[in-house]
Amino acid sequence: MNTTTTRLAHSLRAGTFRPANRSVPLSSSARFLRANAPGSSDLRFSRSESSAFARPFHASHTAYDFHFDTHHFVQRLEREGLNRAQAEGIMGAMAEVIDESIRNMTSNMVTKAEQEKHQYTQQVDFAQLKSELQLIEKNDLASLKSDNDRLVADMQKLKQRLREEITRTQAGVRLDLNLEKGRMRDESSGQELKIKEVDTRIEQEIANLRTTIQQSKATTLQYLVGFVTGCSALLMAYLRFRV
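Following numbering that gives the first Met the number 0, the numbering of the sequence shown begins with 0 at its first residue and continues without gaps.
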């Protein structure tokens with residue numbers, strides 16, 4: 000800052016001070032410095048240059064926050080050869096430039112209160128979002144639980160229905176088996192009766208055959224006895240007549 004201050008003081012004494020950026024308008028303090036600078040009577044601006052430095056005036060004095068030691072800065076300018084008014088004018092211009100620069104830098108920044116407010120808003124939003132998520136999760140869990148209970152009830156009903164169907168089918172199969180067993184038993188009984196009848200008939204036929212054979216044997220034996228008796232009688236008669 001010492002070199003810059005020295006160059007600024009020499010430029011004011013020589014009457015050759017020009018702003019580095021002409022797009023920045025001069026303040027009232029800068030115009031005061033230009034009017035009180037040495038050789039200011041010879042300092043002239045063209046219309047285009049004067050329009051570049053044009054700036055609206057304010058009736059009220061603008062208050063600035065000083066961000067450096069203004070008294071020490073004025074004393075330094077006075078030691079460089081400037082009078083009191085010029086030093087205070089330069090100090091005012093520097094204060095205005097620095098204040099505007101700081102204002103421009105801080106315009107896009109937030110204050111601590113705004114940051115805390117934004118943080119509190121975010122916390123409130125986060126808490127609200129958390130509560131909403133918890134409510135949604137609770138509702139989803141309740142819905143899932145109800146769906147699960149309904150599915151379990153449906154499964155129990157299906158199991159009961161299947162059990163009843165299986166029991167009914169088993170009863171039908173048992174009934175069919177019992178009927179088939181009864182029918183087969185009846186058929187077996189009928190077959191056994193028929194077999195017994197055939198056996199009885201065969202035994203009767205055998206008995207009849209035996210009776211017939213016995214009768215035939217007796218008749219044959221009678222015939223043989225009669226024949227033998229006749230032959231014996233004839234033989235004896237023959238022998239008697241021969242003697």
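Hints are supplied without guarantee of correctness; some may be wrong.
[As the list claims (entries may be wrong)] EDC-like, lysine to aspartate or glutamate: derived pairs with alpha carbons at most 20 Å apart:
hint, residue 1, residue 2
1, Lys137, Asp148
2, Lys158, Asp148
3, Lys180, Glu163
4, Lys195, Glu179
5, Lys129, Asp139
6, Lys216, Asp198
7, Lys193, Asp175
8, Lys156, Asp146
9, Lys158, Asp139
[Said to hold, decoys possible] Here are the simulated distance ranges between beta carbons:
hint, residue 1, residue 2, range
10, Arg200, Ala170, 27 to 33 Å
11, Glu115, Ser145, 43 to 49 Å
12, Asp148, Leu176, 39 to 45 Å
13, Leu143, Asp175, 29 to 35 Å
14, Thr120, Ser100, 26 to 32 Å
15, Ile212, Met235, 30 to 36 Å
16, Lys116, Asn147, 32 to 38 Å
17, Thr120, Asn82, 30 to 36 Å
Worth flagging that the hints you see were computed from the coordinates, not collected in a lab. No residue lacks a Cβ here, since even glycine has one placed at the ideal position from N, Cα and C.
Comparing the hints with the structure gives:
1. As the CA atoms of Lys137 and Asp148 are separated by approximately 16 Å, the hinted pair is consistent with the 20 Å bound.
2. Proximity of Lys158 to Asp148 is assessed by CA-CA distance (about 15 Å); at most 20 Å being required, the pair is judged to hold.
3. Straight-line distance between C-alpha atoms of Lys180 and Glu163 comes to about 25 Å, which puts the hinted pair past the 20 Å bound.
4. Note on Lys195 and Glu179: the hinted pairing is violated, with a Cα-Cα distance of about 24 Å set against a maximum of 20 Å.
5. Restraint check for Lys129 and Asp139: satisfied, since their Cα atoms lie roughly 15 Å apart, inside the 20 Å limit.
6. For the proposed pair Lys216 and Asp198, the alpha carbon gap of about 26 Å is over 20 Å, so the pair is violated.
7. About 26 Å separates the Cα atoms of Lys193 and Asp175, which puts this hinted pair outside 20 Å; it is violated.
8. Note on Lys156 and Asp146: the hinted pairing holds, with a Cα-Cα distance of about 15 Å set against a maximum of 20 Å.
9. Between the alpha carbons of Lys158 and Asp139 the distance comes to roughly 28 Å, so the proposed pair goes past 20 Å and is violated.
10. Distance hint for Arg200 and Ala170: a CB-CB separation of about 44 Å, inconsistent with the stated range 27 to 33 Å.
11. Between Glu115 and Ser145, the C-beta spacing of about 44 Å keeps the proposed range 43 to 49 Å intact.
12. About 41 Å separates the C-beta atoms of Asp148 and Leu176, a value consistent with the hinted range of 39 to 45 Å.
13. Separation of Leu143 from Asp175 is about 47 Å and departs from the stated range, judged on CB atoms against 29 to 35 Å.
14. For the hinted restraint 26 to 32 Å between Thr120 and Ser100, the CB-CB distance of approximately 31 Å keeps it satisfied.
15. One distance hint, 30 to 36 Å for the beta-carbon pair Ile212 and Met235, holds here, with the actual separation near 34 Å.
16. Checking the proposed 32 to 38 Å range against Lys116 and Asn147 shows it is violated: the Cβ atoms sit about 45 Å from each other.
17. One distance hint, 30 to 36 Å for the beta-carbon pair Thr120 and Asn82, is violated here, with the actual separation near 55 Å.
The structure fails to meet hints 3, 4, 6, 7, 9, 10, 13, 16 and 17 from the earlier list, while all remaining hints are met.
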